[in-house]
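Engineer: Just so you know, the sequences run in chain order F and V. For the first sequence, the residue numbers in our numbering are 76 to 386. For the second sequence, the residue numbers in our numbering are 2 to 345.
Be a bit skeptical, because a hint or two may be false.
Across the chosen pairs, the derived CB separations fall in these ranges [claimed, not checked]:
1. V/Leu197 <-> F/Gly270: 29 to 35 Å
2. F/Gly322 <-> V/Ala250: 50 to 56 Å
3. V/Thr288 <-> F/Leu319: 49 to 55 Å
4. F/Ala347 <-> V/Gly138: 30 to 36 Å
5. F/Arg265 <-> V/Leu258: 39 to 45 Å
6. V/Thr288 <-> F/Arg352: 17 to 23 Å
7. V/Pro139 <-> F/Pro301: 43 to 49 Å
8. V/Tyr325 <-> F/Arg352: 52 to 58 Å
Simulated crosslink set (DSSO-like; lysine-lysine; CA at most 30 Å straight-line) [stated by the list, open to error]:
9. F/Lys333 <-> F/Lys251
10. F/Lys251 <-> V/Lys246
11. F/Lys299 <-> V/Lys246
12. F/Lys195 <-> F/Lys305
13. F/Lys195 <-> V/Lys239
14. V/Lys239 <-> F/Lys305
15. F/Lys251 <-> F/Lys305
No lab work stands behind these hints, which were simulated from the structure alone. None of these values were measured; they are calculated from a predicted model. Idealized CB from N, CA, C, for every residue including glycine.
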Amino acid sequence: MMADGPERAPERALEIAAATHPDVDLTEIDPGIGRDLVPLARPAPETVEEVRRSDVDQWGRSEHFRALTRRAFEPLYKHWFRVEWEGFELLPEEGGALLVANHAGAIPPDAPSIMHGIEKDLGRPVYGLAENLFRALPVVGTLWSRSGGVTAHPDNAYRLLHDEGHLVLVFPEGTKATGKHYNDRYRLRRFGRGGFVEIAMRAGAPVIPIAVMGAEEAMPVLFKSPRLAKALNLPYFPITANMLAFGPLGLVAYLPAKFRIRVLPPVHFDVAPNQERYSRSRVMEESERIRGMVQDALYDMLRQRRSVWFG
Amino acid sequence: MRALVTGLSTYWGGRVAQALEQRSDVEVVVGVDTRDPRTPLERTEFVRTDSSHSILARIVRATQVDTIVHTHLVVDSTRATSRTLHEINVIGTMNLLAAAGAPSSPVRKVVLKSSGLVYGANKADPYFFREDMPRTGPATTPVERSLLEVEGFVRDFADDNPHVDVSLLRFANVLGVDIETPFTAALRRPVVPEILGFDPRLQFVHEDDVVEALMYSINNDIPGVYNVGADGNLPWSKVCAIVGKRRVALPFVFTNLAAEPARLLRLWDLPPEAMQILRFGRTIDNTRYKRAGFHYSYTTASTIEAFAQALRLAGTIGDSSPSYRYEREVEDFFRHSPAVVRPD
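Please model the complete structure; the sequences and the hints are all you need to start from.
Structural biologist: As structure tokens, then:
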């Protein structure tokens with residue numbers, strides 16, 4: 076943000092003081108000093124009013140676009156998946172937190188559902204980390220970015236959590252989970268290399284595990300074609316039940332599975348933030364523990380589920 | 002201070018020399034370049050050299066300069082063939098650093114103007130590049146390769162010469178009416194290219210902030226590598242909207258091939274590295290230089306706004322700054338003739 080004319084003068088005074096006395100350490104100077112100084116003559120370049128001219132933030136997310144997609148997704152959320160939350164009150168109203176969830180469905184409907192529910196009922200934006208594959212896709216990549224998608228780079232996650240205190244959603248299983256067969260449903264894959272734990276530790280943010288039930292049945296993967304996947308440069312090429320049922324429409328038509336989303340108690344790590352590196356064994360241990368929490372919650376929810384379609 | 006400015010006839014070299022002339026503690030300003038200066042200068046001594054600065058060791062020894070400002074790095078690959086690019090950037094910097102690091106060299110400070118091009122623009126990039134982050138893909142264009150090579154020399158030079166303060170500034174894409182870059186040139190056209198389906202986040206820096214940033218490194222002892230880019234970023238579509246230009250979509254495959262007719266027609270001349278920016282965008286993290294005490298006058302949004310306003314003015318009244326032609330005899334007369342009365 077830019078300061079206006081008179082506000083800038085002291086900074087300029089400091090700058091010049093530092094320029095003429097190179098020994099002066101700028102970090103030690105109280106920014107209040109020099110406020111009473113006569114403003115230094117300098118053509119003020121800030122005749123230009125500070126305007127962003129766009130509600131697209133520096134991550135590429137647009138609240139306006141999110142509102143549009145929320146309006147489009149609401150019927151699906153409410154009437155098709157009939158999403159129900161448990162433990163919603165465990166989500167923090169402020170401060171950064173890393174939401175860690177299980178991932179499922181060939182084109183996973185869990186990410187939009189989680190983001191939709193939180194933005195609607197908690198009123199906080201959620202940034203979803205995903206493979207950089209999205210960034211290279213025309214149109215889709217732009218829409219993904221406008222709706223809060225961010226490339227899963229450790230530094231991106233750190234900035235979002237630590238510097239800006241946002242909610243960040245991550246699926247540590249990645250495409251290993253969305254590309255798994257229907258037979259393997261609700262059996263969590265490896266949680267990457269535990270990178271998400273390390274980022275949360277570094278950012279000093281808690282991890283909030285989330286278990287999602289229903290996404291597996293919304294778009295089950297029956298077969299996979301590694302050859303097509305390779306040819307199209309995709310992580311997997313699934314033949315889904317939806318495709319068999321609805322033909323090409325099956326790419327976008329979900330089955331009406333009942334969604335239950337359970338928020339688990341936040342995991343705080345008892346370590347100092349902003350360290351260069353963290354103990355690998357500790358990171359792996361925590362990652363495995365969080366994976367266990369989500370897996371156990373899923374088994375518990377499945378035990379109580381009477382019907383895939385009615386919950 | 003006795004200063005030497007390379008690339009005197011480039012926009013940056015000229016502006017830096019003008020700023021140095023204003024300082025009373027700067028005794029001597031020497032400027033070198035292959036072409037005549039294009040900015041009016043009062044007391045800067047101009048020496049014509051070849052592009053690879055092979056004469057620089059002699060100039061440094063003869064003038065006993067203690068500060069070298071190297072603005073003569075070509076970052077716009079449309080201006081030079083890859084051969085001259087190599088000659089100017091790599092060989093030129095090598096000769097410059099050799100001159101600065103010669104035994105008993107009086108040089109105590111070197112400031113270089115590099116570019117954010119060294120980070121590239123790839124899909125795996127972090128959204129904000131810090132100075133210590135490596136690029137995520139190999140350098141594919143000659144200008145990027147040459148700048149990386151230059152930065153390697155600079156690192157070695159700084160290691161070998163701990164008594165010299167070396168500041169390397171990496172600039173974001175510069176915007177301003179007085180400077181011509183592939184982006185400013187494209188934004189002056191009635192239609193501006195975009196890549197179909199991509200709307201990346203772009204960051205700019207105002208031309209005045211670039212000069213201020215170079216001067217800040219010259220005036221202060223802050224050795225190190227710094228990113229210089231204005232706060233924030235904006236989607237390319239918004240950049241074009243602020244400047245008031247319509248966009249024309251290029252296909253997302255064979256983009257460079259599709260842009261070729263526009264290059265031949267001289268509509269836009271966006272080199273491959275600029276096309277990468279139109280696809281993935283690039284934002285560099287400017288906090289390190291701010292922490293060193295530098296203040297920006299413009300944000301990315303106000304940089305674009307200022308550019309748009311200046312374009313509108315230029316569209317009405319034409320070029321507002323009078324053109325300047327360097328004439329050696331005239332300049333020599335004003336600088337050295339005993340007939341000229343000079344205030345002390």
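Engineer: Does each hint fit the structure? Answer for all of them.
Structural biologist: Each hint tested on the structure:
Separation of V/Leu197 from F/Gly270 is about 33 Å and conforms to the stated range, judged on CB atoms against 29 to 35 Å. For F/Gly322 and V/Ala250, the Cβ-Cβ distance of about 31 Å falls outside the hinted range of 50 to 56 Å, so the restraint is violated. Judged by the Cβ atoms, the range 49 to 55 Å given for V/Thr288 and F/Leu319 holds: they are separated by roughly 53 Å. Checking the proposed 30 to 36 Å range against F/Ala347 and V/Gly138 shows it holds: the Cβ atoms sit about 34 Å from each other.
One distance hint, 39 to 45 Å for the beta-carbon pair F/Arg265 and V/Leu258, holds here, with the actual separation near 42 Å. At roughly 22 Å, the beta carbons of V/Thr288 and F/Arg352 sit within the given window of 17 to 23 Å. For the pair V/Pro139 and F/Pro301, the supplied restraint of 43 to 49 Å is violated, since their beta-carbon distance comes to about 28 Å. Distance hint for V/Tyr325 and F/Arg352: a CB-CB separation of about 56 Å, consistent with the stated range 52 to 58 Å.
About 23 Å separates the Cα atoms of F/Lys333 and F/Lys251, which keeps this hinted pair within 30 Å; it holds. A C-alpha spacing of about 44 Å is found between F/Lys251 and V/Lys246, which places the hinted pair above 30 Å, so the restraint is violated. Only pairs whose Cα atoms come within 30 Å are accepted, and F/Lys299 paired with V/Lys246 is rejected, the gap being roughly 46 Å. Between the alpha carbons of F/Lys195 and F/Lys305 the distance comes to roughly 38 Å, so the proposed pair goes past 30 Å and is violated.
For the given pair, F/Lys195 sits about 27 Å from V/Lys239 by alpha-carbon distance, which is consistent with the 30 Å threshold. This hinted pair does not check out: V/Lys239 and F/Lys305 have alpha carbons roughly 36 Å apart, beyond 30 Å. In summary, the hint linking F/Lys251 to F/Lys305 is supported, as the alpha carbons are separated by about 15 Å, within the 30 Å threshold.
The structure fails to meet hints 2, 7, 10, 11, 12, 14 from the earlier list, while all remaining hints are met.
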